[in-house]
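K.L.:
Sequence:
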Amino acid sequence: AARLDKAEGNTLVVTDGVFSMDGNLADLPALAAVAQARGAWLMVDDAHGFGPLGASGGGIVEHFGLGQEQVPV
1 AARLDKAEGN TLVVTDGVFS MDGNLADLPA LAAVAQARGA WLMVDDAHGF GPLGASGGGI
61 VEHFGLGQEQ VPV
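Every letter in the sequence shown is one number past the one before it in the UniProt record's numbering, and letter 18, counting from 1, is 18.
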């Protein structure tokens, strides 16, 4: 959040969905809320989440019940 306060112009926040070294999940709901509040886009690399996460294997976005509005990229 502190870095976003310093951002100017178009801003893209990028994160892994599942961190491959330890299997931890990104706090996607919190990241989405902060990005939306500051008018930034949120991009998730979900290479390790597609398949094992979500009711139909849709990954971390589906796992947390989010959609394209919260995670556009």
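These are computed hints drawn from the structure, not numbers from a lab.
Since we're looking at a predicted model, the values are computed, not measured.
From the three backbone atoms N, C-alpha and C, an ideal C-beta is built for every residue, glycine too.
Do not take every clue at face value.
[Said to hold, decoys possible] So the derived label-pair ranges between C-beta atoms look like this: (1) Asp45 x Glu8: 23 to 29 angstroms; (2) Gly65 x Gly23: 16 to 22 angstroms; (3) Ser56 x Ala2: 32 to 38 angstroms; (4) Met43 x Gly23: 29 to 35 angstroms; (5) Glu8 x Ala47: 27 to 33 angstroms; (6) Gln68 x Ala30: 31 to 37 angstroms; (7) Arg3 x Ser56: 16 to 22 angstroms; (8) Glu8 x Gln68: 24 to 30 angstroms; (9) Asn10 x Ala30: 20 to 26 angstroms; (10) Phe50 x Asp5: 28 to 34 angstroms.
K.L.:
Regarding Asn10 and Ala30, is the given constraint of 20 to 26 angstroms on their beta-carbon distance met?
P.N.:
Given range 20 to 26 angstroms: holds, Cβ gap about 22 angstroms.
K.L.:
Quick check: does the Cβ-Cβ distance between Gly65 and Gly23 fall within 16 to 22 angstroms?
P.N.:
20 angstroms, holds
K.L.:
Should the hint that Glu8 and Gln68 are 24 to 30 angstroms apart at their CB atoms be regarded as holding?
P.N.:
Since the Cβ atoms of Glu8 and Gln68 sit about 25 angstroms apart, the hinted range of 24 to 30 angstroms holds.
K.L.:
Note whether the CB distance of Glu8 and Ala47 lies within 27 to 33 angstroms or breaks it.
P.N.:
30 angstroms, holds
K.L.:
Using the beta carbons of Phe50 and Asp5, state whether their distance is inside 28 to 34 angstroms or not.
P.N.:
32 angstroms, holds
K.L.:
Can you let me know if the beta-carbon spacing of Arg3 and Ser56 is within 16 to 22 angstroms?
P.N.:
34 angstroms, violated
K.L.:
Given a hint of 29 to 35 angstroms, does the C-beta separation of Met43 and Gly23 actually sit inside it?
P.N.:
Since Met43 and Gly23 have Cβ atoms about 21 angstroms apart, the given range 29 to 35 angstroms is violated.
K.L.:
Return holds or violated for the Cβ distance of Asp45 and Glu8 against the range 23 to 29 angstroms.
P.N.:
Holds, at about 24 angstroms.
K.L.:
Can you tell me whether the CB distance of Gln68 to Ala30 sits inside 31 to 37 angstroms?
P.N.:
At 18 angstroms between Cβs, range violated.
K.L.:
Quick check: does the Cβ-Cβ distance between Ser56 and Ala2 fall within 32 to 38 angstroms?
P.N.:
36 angstroms, holds
Figure legend: structure checked against the earlier numbered hints; hints not met, in rising order: 4, 6, 7.
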